[in-house]
Amino acid sequence: MKLGRRQFLRLTAGVAALPAVSRVAWARAYPSRPVRVFVGFPPGLTPDIVARLVGQSLSERLGQQFVVENRPGAAGNIATEVVVRAPPDGYTLLLANGANAVSAMLYEKLNFDFIHDIAPVAGIAGAALVLVTHPSFPAKTVPEFIAYAKANPGKINMASSGAGASTPFLAGELFKAMTGVEWVWVQYRGNYMPDLLSGQVQAAFSLIPTSLEYIRTGKLRALAVTSATPLEALPGLPTVDEFVPGYEASSWLGVCAPKDTSAEIIEKLRKEIDAIVADPNMTARLVGLGLQPMSLTSAEFGKFIADQIDKWAKVIKSAGIKAE
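All residue numbers for the sequence shown refer to this note's numbering, where the first residue is 23 and numbers rise by one.
Keep in mind that the hints were calculated from the coordinates and are not lab data. Since we're looking at a predicted model, the values are computed, not measured. Hints are not guaranteed to be accurate.
[Unchecked claim] Quick list of simulated restraints, FRET-style, between CB atoms:
#, residue 1, residue 2, range
1, A345, K241, 31 to 39 Å
2, R83, Q222, 41 to 49 Å
3, P94, A173, 38 to 46 Å
4, P160, D282, 39 to 47 Å
5, S317, A199, 26 to 34 Å
[Stated by the list, open to error] Distance condition first, Cα-Cα at most 25 Å in a straight line; then the derived DSS-like pairs of lysine-lysine:
#, residue 1, residue 2
6, K281, K293
7, K344, K177
8, K339, K325
Every residue, glycine too, gets a C-beta built ideally from N, C-alpha and C.
Using the sequences provided together with the hints, build the complete structure.
Put into C-alpha cells, the structure is as follows:
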C-alpha cells in the first residue's frame, strides 16, 4: 500500500480553492448548526469519554452542540469511513486515535485511505500504556520481567484485547523485538481484566484508564509505563525506556476532519481545542484518566500521525502481522 505521506502532510497546508473573503466569512459564521463528532468505540471507553469532555467544552465556547455519535467496530474504521464520506464543511468530525495509525498499514482493502482522506485538526492527548502483572507473578521490575521471560521462554501468558493487532499488542511486539523475549499471546475479543485479576493470565500492556484503579488498590502490579517520560497519574513508576533504551509505545487522541475542509475552519477548531486542553480543569481531567495533554499545530499533528504510521508499519512488517 502506498501511504502518500507527502500528500497527507500537504493536507495540513492546502485548502479548497475558494476566494479568501468567502472562506474567512464562512469560518467566522462557523458553526451555525450542530456538529457531529464520530467515535469508533463504544460509550464509556477512553475515546468516548474524551470526545464528550471536549465536545461539551466546544459546545459551550462556540454556542452550538457538538454531538458525539458512537459507531464502534472494525478497529474504528466504521466511524472513520463515515467522516471520510462527509462533506468537508466542518460539521462532521472524527475523534481519531492510535488505532487509525495501525489500520492505515494493517488493512489493505479499506474503502478509504486514512492518510489521503483525512485532514488533521488538533491533538488532544497521548495515551501511554502500562506493563502490569498479577501480584503473584515473580518479577517486580522490568529487568526481572525480562530475565524471567528469557529463563522461561513461552511460559508467560500475555493478555491482549481485540482479535487482531491493536496498539497494546504492537507495544508488546515492539518490546519482544527490542529485548529478545518470548511469551504466549492470549487474545480476547472482550475484556481480559477478569482473567488478569484472577491470575489466569500473568501480564498485559494495558491502557492506563483500564488498570489505574487496580494498580492503586494493589490488585495489579505496575512495572513501567510505555511513554517516553514518567506520568503524573502513576508517580514514581519508571518508563520502559529506562531499561530498554529507545522504547516508546503509546496511543493518542485527536480531532480530524474530512480532507478539503477549509484551513480557516480547521484553524478555528484547533485554537478552541488547544484552549480547552490547556484549561487547568480539563488538564486535570485528562491527567486523571492517565493521559498526557498534547498541544500541536494542525501541521505538527499531521506529521505526528504520519510518524506513528511509519513506526507501526515497521513493527507490523517485522513481526509478520496480518489483519484478521
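Here is how each hint holds up against the structure:
1. As the Cβ distance of A345 to K241 is approximately 34 Å, the hint placing it in 31 to 39 Å holds.
2. Between R83 and Q222 the Cβ separation comes to about 47 Å, which falls inside the hinted range of 41 to 49 Å.
3. Taking the beta carbon of each, P94 and A173 are about 41 Å apart, inside 38 to 46 Å as hinted.
4. Distance hint for P160 and D282: a CB-CB separation of about 56 Å, inconsistent with the stated range 39 to 47 Å.
5. Against the hinted window of 26 to 34 Å, the Cβ-Cβ separation of S317 and A199 comes to about 31 Å, which satisfies the hint.
6. In summary, the hint linking K281 to K293 is supported, as the alpha carbons are separated by about 19 Å, within the 25 Å threshold.
7. Note on K344 and K177: the hinted pairing holds, with a Cα-Cα distance of about 24 Å set against a maximum of 25 Å.
8. Note on K339 and K325: the hinted pairing holds, with a Cα-Cα distance of about 21 Å set against a maximum of 25 Å.
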